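There are 2 protein chains.
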Amino acid sequence: MCSCLKLFSFLCPQDQFDNLEKYTQWGIEFVERYTKFVKERSEIELSYAKQIRNLSKKYQPKKNSREEEEYKYTSCRAFLMTLNELNDYAGQHEVIAESLSSQIISELTRYIQELKAERKAHFHDGRRAQQHIENSWKQLESSKRRFERDCKEADRAQHYFDKMDADINVTKADVEKAKQQAQMRHQIADDSKNEYLAYLQKFNKDQHEHYYTLIPHIFQRIQEMEERRIERIGESMRCYAEVERKVLPIVSKCLDGMTKAAESIEPKMDTKQVVETFKSGFEPPGDVEFEDYSVSMKRAVSESSFLNARGESRRRSRSKLWPLIKRNKVKTQTGAS
Amino acid sequence: MCSCLKLFSFLCPQDQFDNLEKYTQWGIEFVERYTKFVKERSEIELSYAKQIRNLSKKYQPKKNSREEEEYKYTSCRAFLMTLNELNDYAGQHEVIAESLSSQIISELTRYIQELKAERKAHFHDGRRAQQHIENSWKQLESSKRRFERDCKEADRAQHYFDKMDADINVTKADVEKAKQQAQMRHQIADDSKNEYLAYLQKFNKDQHEHYYTLIPHIFQRIQEMEERRIERIGESMRCYAEVERKVLPIVSKCLDGMTKAAESIEPKMDTKQVVETFKSGFEPPGDVEFEDYSVSMKRAVSESSFLNARGESRRRSRSKLWPLIKRNKVKTQTGAS
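Protein chains in written order, with UniProt numbering: chain Y, 1 to 337; chain B, 1 to 337.
Among the hints, a few may not be true.
No distinction is drawn between identical chains; accordingly, a pair holds when it is met within one copy or between any pair of copies.
Straight-line distance between alpha carbons at most 20 Å, and here's what the computed PhoX-like set of lysine-lysine pairs gives [stated by the list, open to error]:
| # | residue 1 | residue 2 |
| --- | --- | --- |
| 1 | 39 | 50 |
| 2 | 202 | 172 |
| 3 | 120 | 72 |
| 4 | 62 | 177 |
| 5 | 138 | 205 |
| 6 | 50 | 177 |
| 7 | 177 | 246 |
| 8 | 58 | 39 |
Source of the hints: derived by calculation from the structure; they are not laboratory data.
Because the structure is a prediction, the values reported are computed rather than measured.
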């Protein structure tokens with residue numbers, strides 16, 4: 001403290017209060033500028049988090065939709081897991097925004113008010129000290145003027161007495177009157193000399209106190225205020241980095257989650273799912289048998305019923321055979337049989 | 001492979017090609033949807049990086065401005081360092097965006113084209129196989145019809161011959177003619193029977209090949225295509241997390257830089273700077289001496305010159321004394337002396 005007292009006391013007060021007022025004003029504006037900077041950063045983090053959340057939401061499967069049942073596939077589930085991790089990731093950037101706002105922005109905003117009040121007080125004290133020494137000087141000046149004037153009066157009275165005393169045509173009474181007048185003037189000059197001396201002592205005492213005690217103390221308090229302000233900015237800047245460093249481990253957990261999701265994908269499982277979904281259970285049809293119409297010669301009666309039976313079985317086997325045939329085509333075929 | 005061949009060969013082809021077409025189409029759309037998702041994420045990262053860069057730029061000191069010379073203070077330099085680290089931090093999010101775009105988006109976009117082409121080829125083969133077995137069936141059907149018709153013809157000719165043979169009023173020649181006719185019809189029926197048998201064999205061979213070789217192979221290739229697709233999505237998802245994990249160490253270096261910047265702040269250094277800037281070098285004025293106007297009595301001549309001298313020194317000492325006096329006030333004071 002005494003060191004900085006020494007430092008700041010090197011400042012001659014002449015015009016330095018004005019400079020210090022400008023400097024400390026700038027100091028407050030610097031804190032305000034930094035606070036604004038952190039505020040804008042926090043807003044960027046919020047909007048980033050919002051966009052990421054929306055992205056995650058946008059690609060979530062719609063409830064009770066075809067999409068939802070797609071999540072029987074490991075690849076779809078992995079995507080869903082990624083989206084959920086992404087949502088947590090967004091949450092971490094919200095944490096950054098909230099911490100910046102609660103640990104820096106609101107703190108500094110409050111602090112700036114304290115700082116303004118303290119600064120005002122110091123310069124108020126400074127002005128009062130200046131006012132005091134100024135008044136003390138005025139008193140000294142006027143008492144000096146009075147002394148000067150009274151000396152002139154006394155001088156004039158002395159001259160007049162000497163003149164009368166040297167004049168032989170003047171009555172003793174007049175000489176006596178002039179003598180008393182001169183003595184009275186000398187008495188008045190002596191009195192205002194003492195008053196002037198008293199004010200001179202007072203002023204020199206005040207001036208010494210002003211330069212060696214009052215002003216240095218004010219400067220010291222301003223310097224302490226400044227050093228606290230700079231200290232405070234430093235803490236905020238440290239906190240600014242800390243806030244984000246705190247979320248890094250959680251962010252990297254989210255990334256691990258995404259990697260785990262990706263590794264949980266099992267292509268064979270998914271294709272097995274497809275088979276489970278689509279397999280009809282049909283067995284491939286066996287060979288078509290020979291139909292010997294030659295044995296049916298002369299047995300036209302049984303023939304027709306036999307043909308119908310074949311027609312049946314044929315239609316069944318056919319419908320098994322042409323999965324890709326257009327429906328109407330199958331109709332004509334069936335109709336043909 | 002044979003296991004998945006077994007799996008997919010459980011699928012009876014009936015309508016399964018249609019289902020597989022739908023499923024594989026959905027598979028392609030899933031890759032497209034994922035690609036779109038990564039694209040949107042990359043755009044979010046870019047705009048975030050842009051905002052952060054602008055923020056850093058906005059608070060940089062204006063070149064050749066009063067701001068710039070403020071950077072003699074450690075607190076201002078620390079802020080500048082924070083801004084530079086923040087700029088690098090933005091750069092890392094640009095790296096994320098670029099990696100997503102080069103390692104996932106463009107890769108998958110190209111891959112989707114390959115996938116579409118391969119899928120088209122498989123279903124083309126499928127349809128061709130179906131077409132082939134269909135034609136084989138048609139040949140079988142018509143040859144069977146022909147055989148059936150020829151048997152009826154032979155039957156009719158046989159009945160006619162028997163009728164003629166039993167009729168005593170018919171000439172031998174007519175009987176012989178009917179007999180030859182019947183024999184010829186039988187011969188034709190035998191021929192179309194052999195043709196029918198040949199087509200039957202061919203069809204059964206085709207059908208067996210269709211169900212036990214062609215279709216299973218197509219299904220297998222489709223399944224392999226699907227498994228490659230799912231594998232590919234998995235790789236992309238792994239890459240998606242990796243891209244961001246890679247920048248984390250650099251991000252945390254940026255944060256270390258910000259912390260170092262904050263710790264580089266030295267309040268006492270900065271206040272020392274202030275003193276260096278503002279100190280006037282003036283020494284506090286000494287005591288004001290007594291001016292004895294009484295000794296100047298009767299020495300009016302020298303008096304005036306003496307007074308002027310005092311007036312000088314007074315004006316100097318005064319201007320030292322009232323830093324806070326309004327300029328005009330100083331004027332009047334000076335004028336007064």
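Outcome of the hint check:
1. 39 x 50: Classified as both: same-chain Cα gap 17 Å, cross-chain 17 Å, threshold 20 Å.
2. 202 x 172: For residue 202 and residue 172, the Cα distance exceeds 20 Å both inside one copy (45 Å) and across copies (178 Å).
3. 120 x 72: neither (70 Å within a copy, 26 Å between copies)
4. 62 x 177: neither (123 Å within a copy, 83 Å between copies)
5. 138 x 205: Within. Shortest intra-copy distance 15 Å satisfies the 20 Å Cα cut-off; inter-copy 131 Å does not.
6. 50 x 177: neither (104 Å within a copy, 100 Å between copies)
7. 177 x 246: So residue 177 and residue 246 fail the 20 Å test inside a copy (99 Å) and across (112 Å) alike.
8. 58 x 39: between (28 Å within a copy, 13 Å between copies)
Hints 2, 3, 4, 6 and 7, counting from the list given before, are not met by this structure.
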